[in-house]
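Residue numbers (the working numbering): 513 to 593.
Calculated directly from the structure, the hints in this document are not laboratory data.
In this text, a Cβ means the ideal position worked out from N, Cα and C, and glycines have one as well.
Worth double-checking, as some hints may not be accurate.
Label pairs and their computed distance ranges (CB to CB) [to be verified]: (1) G518 - E568: 13 to 21 Å; (2) A526 - N556: 19 to 27 Å; (3) L540 - Q571: 29 to 37 Å; (4) N556 - G518: 31 to 39 Å.
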Amino acid sequence: MARAYGRVYAATAAAGRKPRGRRTFDLLIAATALAAGLPLYTRNSADFSELGGLLEIIQVEPVADPSVGREVIEPPQSKDG
Numbered sequence: 513m514a515r516a517y518g519r520v521y522a523a524t525a526a527a528g529r530k531p532r533g534r535r536t537f538d539l540l541i542a543a544t545a546l547a548a549g550l551p552l553y554t555r556n557s558a559d560f561s562e563l564g565g566l567l568e569i570i571q572v573e574p575v576a577d578p579s580v581g582r583e584v585i586e587p588p589q590s591k592d593g
């Protein structure tokens, strides 16, 4: 996990973005996905734009779900069905 965080931090700094403040949490999320070999699902892919070379960033859109009275996130359907 520490190596993944280092890679994410370096990519962020190289892109000229400051890896501090609220961004720290984004970096931890990205490092977790990178270390686990998983894609990163997010509603705001711009927060992770500099990391596209390290891991797959998947933008998800909220959909209204009247049964719960709020928006929910549905990941895209896989190609396998």
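Status of the hints after comparison with the structure:
Range check, G518 to E568: about 19 Å between beta-carbon atoms, so the 13 to 21 Å window is met. Remark: the range hint 19 to 27 Å for A526 to N556 is upheld by a beta-carbon distance near 21 Å. At roughly 20 Å, the beta carbons of L540 and Q571 sit outside the given window of 29 to 37 Å. Taking 31 to 39 Å as the suggested C-beta distance range, the pair N556 and G518 does not conform, at roughly 23 Å.
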